[in-house]
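Residue numbers (our numbering), protein chains in the order written: chain H, 1 to 450; chain V, 1001 to 1433.
Note that these hints are calculated values from the structure, not bench results.
We put the CB at the ideal spot given by N, CA and C, even for glycine.
Don't take each hint at face value.
To be verified - The calculated DMTMM-like cross-link candidates involving lysine to aspartate or glutamate, where the alpha carbons are at most 25 Å apart (straight line), are:
no.	chain 1	residue 1	chain 2	residue 2
1	V	Lys-1116	H	Glu-269
2	H	Lys-390	V	Glu-1404
3	V	Lys-1362	V	Asp-1430
What the hints assert, rightly or not - Here's a subset of chain V near chain H, in silico, CB distances under 7 Å, partners left out:
no.	residue
4	His-1123
5	Asp-1124
6	Gly-1152
7	Asp-1153
8	Arg-1202
9	Met-1204
10	Leu-1207
Chain by chain, the residues run as shown.
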Amino acid sequence: MRIFWLKISEIKSQIRSNRASQQQIKMASRRQETEFRIPKIGIYTGKGASHSWLWFVEVFERLGFYDLSFLTEADLVKDSLEKVDVLAISGGDTFAIAEALGPQGAKRLKTFITRGGLYLGSCAGAYLPLNSSKEHLNHFNFVAAKITNLTKTLPEAHGMKEKSCTCYGCSFIFHAVREAVEVATSGLPPFGKSATFTAPLYGGPPMTVANPASVMATYTAFTDKTLFLVDQKLAENTLLGNAAVIRGKMGHGHLHLYGPHFEHPHFREANLFLADAMMRDLPNQTAPAANPEDGMNILSGSLKQRFIRDFKRELSNSRIVAAGLEMLPLKWTIGNKVYETGKIRVFLEALWQRIRSFEKERLILVRAGQDDLLVQRALHVTKSIRQIKKALDQKTGAQKADTLKTATLLFSLLNKTSALFLEIYFRSKFFQFGKIEYEGSYGQIKKMVA
Amino acid sequence: MEYLASDKIAIVDLSTGDITEDELDEDLVLDKIGGAGITKHLYDQHVSAHPTENGPIVLGTGLLTGTLVPGASLGILTAKSPSTGKVSHMPLNLDAGMELKYSGFDYIVIKGSADKPVYLWIHDGILDINDAGDLWGKDTWAATDHIRSEMGDDLIQVLSIGQAGENGSDLAQIGINYWQSADRFGFGRLCGEKNLKLIAIRGMGLLEISEPEAFMEDCAELIAAIRSNTTTPNQGIAAVSAALGEEDLGDWLGPLTHRHMACFNTPVATNTFIFTDEDPALLKETIVTEPGFLLTDIFPLVALKKAGLSAKDAGLVLKACAKYGIDGAAVAELSAKSGLTRPEEIEKTLPDLKGPVESTGKSIFSPWAAVGQDINANWERRQAVAYVLGLHPIWFQITTELTEEKLLDLAGLGSEMEFTQETLDEVIEDILA
């Protein structure tokens, strides 16, 4: 696995030194000549998605995979999947995601995979395509795996009651542990030798499958960081020895389903495994390249500075209030998910940490109106967080307004704002990163706004 | 400037509303080190370039402000005192210096005058000039509450003026949050003349340290040495007053004392919260929103005690001064001359009080106590070092562990630059000139 990672590093190194083409790179390994390319990756940010899709973003950015798009349920129902090689769905509320995508989204997803696309599902994204008879989920019966954390009798919760289970019809899905667990990769072809490392589990499934060859990794042990939400013996029976990651095949494409969040940026070896597996199962035919000139405005000079400053101002205002909210013991249940105040800043920090690099970009590529829209959304984020803070500051219980409605809107807004910023950020980065590739058309961009 | 700095100087023109930014030049830091060394340089530079304009207000922090160096809490406000005519330096204590350090700006030059009331909102490398129409006329407490509520954060540090500054009183003071500052120069009037109601600061930035491990080890050693030193004063404003050679206020304040409060990373708490509006012996949860007052300034406290006020009455007088934005030491002096001792009587006189007063700063550094009032070479030298490197001036005056040599070593470790004793001597000579 490490050998393969070196290859990816070499790709990045070659790309950075402009010795290789952005789109397609031929690399001679010791054993065989393998063809790699920078994948076009769609990341789901729509209804039901929690903050963890940002982890995918971070891992892909580290790998130098800047050709990212951020897709909502509406995008998936339309034709957006035709433009990507990989679709990644991370954590959140599986039921809400399934409902949002509906039968039309399920059909699109099925077509995408059977034509050769790769589906990366983590946590909620892993539950989504598993066989189920439940409403909404029943449109996604793509993988015949069983989950081992399904029960008719709810076990006693030892901690974090609100996160220890989810209703599933007349049954319950219970979450035996949280935080880091140990997993071992199977080492089955084509994924090289086996390895053991840790990855965090935040409600994702333990699975069993009929075909052992489809198991990419199993849960092997708990760690000193593991938090038990149920009796330890039950946790062992539920998880250990069962599949943590499975690989399904559908038509020409594949599904990689991760119980733990292998994309969590603090778990380097898990990230490498995920990237390695993804590169192995990329579709043979790449999705058509988007035309960078389509309806694109370029911001540079004072226009760029003003845009970034306006956005940064609101991002800073939001961070300041959100940091204060973190001190309050407050959480909201939105759909089937529990959101702590700290989650607000996960979104904001993901944007903030990229601001400096964004400021250094020579050019910013935006579609018409996207710059104003982003600033407006950031303003609304600040307003919403301040609204929550003001409501909580009220002195009497009667004055303390219920903040759930505002929080629900806020998290939706944070998803949209983050997705829009990251779309602009990666587009600008990718455009300049791949400027040699686009050199011919670079000067032909008509809508210069500078 | 890569380390111990945000590498940014802002120049704010209140007359035009323009804000420009410069990088913090490494040569400037090598030459002037930081804090008052650079605020004074920027002040002089601006006055030379625009001799016909009113002088600016310059905000800044010391080179070590906001770090783990014990007592590295100080921000500095430099301007020409309307009272003394000297370019002087006011300490920004509590968390104001630290927040300024992390605000994304190393120095801020505020020039010109706004044509209507405004306030500055400094945060994360962004500086906004906002309308203060709603704030003008409010006392410092209401203004601080308003800003913190509007911005949604109680950690925002607010440098504000009250009605004294708005009305052009010679004795007007810039307050820090709800409390009195050691502004003994009439800087509150200067802000009033600029139509600048307040400056709100919040910083969530990061500081890069050149050699973090060695820097932290040295700081930890210093802290251990300070803790093991049996002559280090006890906590609270009374003990600090005694350590400075002023009157011991322990017996006087003791019965009213609620808690002590230190400025950012300062080993000795120089501030004490006392009950003024609630019985300190009450054994149930308070129902009073604000049951007392934070004593931050030794000078007026001692003066009020000498004038025969009880500790509670002294607290009430200082609370009224803080709200109105007027120097408590001046009020104590003038009230004593008038023979007034009842807080409500003294409060009524605040709008009409006029200087000059003896308590006005004679040095270019704020006299935090009468002992610092007379110009004294040793006191001034220690103050100058504190104002250059960003150390709490009172704490620095009473500690023996923080030597100039040690501090210059730490400055070098943190910044990847070399600072010699000769450079420090030259910087201090320039400041005191």
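Straight-line alpha-carbon gap V:Lys-1362 to V:Asp-1430, limit 25 Å: Holds. V:Lys-1362 to V:Asp-1430 sits at ~17 Å (cutoff 25 Å).
Does V:Asp-1153 pass the interface check with chain H, least Cβ-Cβ distance below 7 Å? V:Asp-1153 check passes; min Cβ-Cβ to chain H is 5 Å, inside 7 Å.
Interface hint check: V:Leu-1207, Cβ to nearest Cβ on chain H, cutoff 7 Å. Holds or violated? Since chain H brings no Cβ nearer than about 15 Å to V:Leu-1207, farther than 7 Å, the hint is violated.
Just to be careful: measuring from the Cβ of V:Asp-1124 to every Cβ in chain H, is the smallest value less than 7 Å? With a closest approach of 4 Å, the V:Asp-1124 hint holds.
With a cut-off of 7 Å, does the beta carbon of V:Arg-1202 approach a beta carbon of chain H closely enough for the hint to hold? Holds: closest Cβ of chain H sits about 5 Å from V:Arg-1202, inside 7 Å.
Is V:Lys-1116 within 25 Å of H:Glu-269, Cα to Cα? violated (59 Å)
Interface hint for V:His-1123, Cβ within 7 Å of any Cβ on chain H: Given a least distance of 5 Å, the restraint on V:His-1123 holds.
Please check whether V:Met-1204 passes as an interface residue: C-beta within 7 Å of a C-beta belonging to chain H. holds (6 Å)
With the threshold set at 25 Å, check whether the alpha-carbon distance from H:Lys-390 to V:Glu-1404 stays at or below it. Answer violated: H:Lys-390 to V:Glu-1404 is near 47 Å, above 25 Å.
Should the hint that V:Gly-1152 touches chain H count as held when the rule is a Cβ pair under 7 Å? Status holds, d = 4 Å.
Against the hints set out earlier in the document, violations occur for numbers 1, 2 and 10.
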